[in-house]
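A.B. asks: Sequence:
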Amino acid sequence: MSATHDVFNQAPPLTGFSTADEPALLEALRRDGGGWGEAEVRELGARAGSEEVREWARTAEASPPVLRTHDRYGHRIDEVEFHPAWHRLMAAAVGSGQHAAPWAEARPGAHLVRTAKFYAWAQAEAGHGCPISMTYAAVPALRAQPELAAVYEPLLASRTYDFGLRPPLGKRGLIAGMSMTEKQGGSDVRANTTRAVPTGDGSYAVTGHKWFTSAPMSDVFLMLAQTEEGLTCFLMPRVLPDGTRNAMRLQRLKDKLGNRSNASAEIEYEQALAWPVGEPGRGVRTIVEMVNMTRLDCVTGSAAGMRAGLREALHHTAHRRAFGAELIDQPLMRNVLADLAVESEAATTLALRLAAALDRSEAGDAREGALRRLALAAGKYWVCKRGSAHAAEALECLGGNGYVEESGMPRLYREAPLLSIWEGSGNVAALDVLRALTREPDSLDAYLAEVGLAAGADARLDAAVTRLRELLGELSDPHRAQLLARRVAEQLTLVLQGSLLVRHSTPAVADAFCASRLGGEWGNAFGTLPTGTDLGQILERARLKDIP
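Counting in numbering that gives the first Met the number 0, the sequence shown runs without a single skipped number right up to 547 at its last residue.
Everything labelled a hint here was simulated from the structure, so no lab data went into it. These numbers were taken from a predicted model, which means no experiment stands behind them. Hints may be right or wrong, so weigh each one.
With a cut-off of at most 30 Å between alpha-carbon atoms, the simulated DSS-like pairs for lysine-lysine come out as follows [stated by the list, open to error]: (1) Lys170 / Lys253; (2) Lys182 / Lys253; (3) Lys255 / Lys182.
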């Protein structure tokens, strides 16, 4: 063969690594009561980085689900067909307890360990994380109706993935979805027009159109519909107890930018049967706990995407030469990579701190619950927005190699915006920050106490806290508060991230974060960390240790 076909100056395939090979992840587990789960997280991370699972991920995304509305004889079936790779990913996620383990195995650090697993596994393939996350979030909402929870919760928490259209109570394990968004309402669920009418036996007949229902192949759904009392939450099975299919008509699957391995559908309900969950007319209050749980996974998923993009960029630049040296040894590229590493660690550390707050609030710690209320809304806004910018820069580190599908980087890039949109896009999350500050002042007290744990450790952090207090003082006028809402959410997140890194990360990472994100020594793009930053220490902390 001609020498023109020799391949050189290309990075070798990146397989056989662990997505749990990360100091920030493991340190947080040990620090906040999840050390008992470290071995399981490491095992799952090694599996996520294996050649086998990476191939499942590639195949599942390249072979999106297909809707079959009717069989060959004309019978309505509303089936969604998936590639076997999807089912393998789902079975592994369920088997590792990512979907509901903390609810069945309550122990200190259970949510933290579960979040660490979700973080490690999502780096393999993000699309199937959607039904995993919704199942995790459905349990606390379902507990608003104890008699339903008593029957369904053990199946939702089962570590058996049992796919197929059968009566849910006859299956070995269940997956839950949620169905709220309507074309006339979007995030304003109170504008929903879907109606539910009592049938006389405790169930309701539901009629309406849902514009965007993710994971329509789930076994049961939490959904919202209008009743005489107002908007109410319901549990709706796909298959009724007698084995007949509920009147849920899948009209079409959405052709989405990313998240292509996962199905999302428009659904028509034609007198579909459902059972009420929680107090009639208080559906939003019932469903809000589910939303908060999935928001935690939005932050975690964004952090996972950042880590995956950073890993690919580090690997490529460590093996690619230009101008006589490896890219990773050239000052400008080192600045870019270190900046990406700082952003990634800040996101990871915040996500795991939020999970620890959930553990403590579940154990009765009111201050941790208040901290989670405000910090989760702010973190959902900022971290998820940073995901898209991070993915774009990480892709660019690979140049043209990153722009082709075979690199896997376009999949990361397409996926990133979803997590900023899901469970409330930017404005919704920012307004929720204002709502927490106004209606739950204890949340701000808890937040300030948390960031205050680093008081005096870094002058730039202290100055940022002072500026944040001044900014919060401008929120008394409702109109002005809305104009400032995004800025407030951003600053709340950055200050908290700075406090966490100062307390828990290496001096190089904390210094770089405080100098750039809080001290103003930063440009408008990645790769603009100030001169004097210890790039070597940051990159050493970020690099993979278990592969060459």
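A.B. asks: Hint compliance check: list the failing hint numbers for this structure, sorted ascending.
C.D. replies: none
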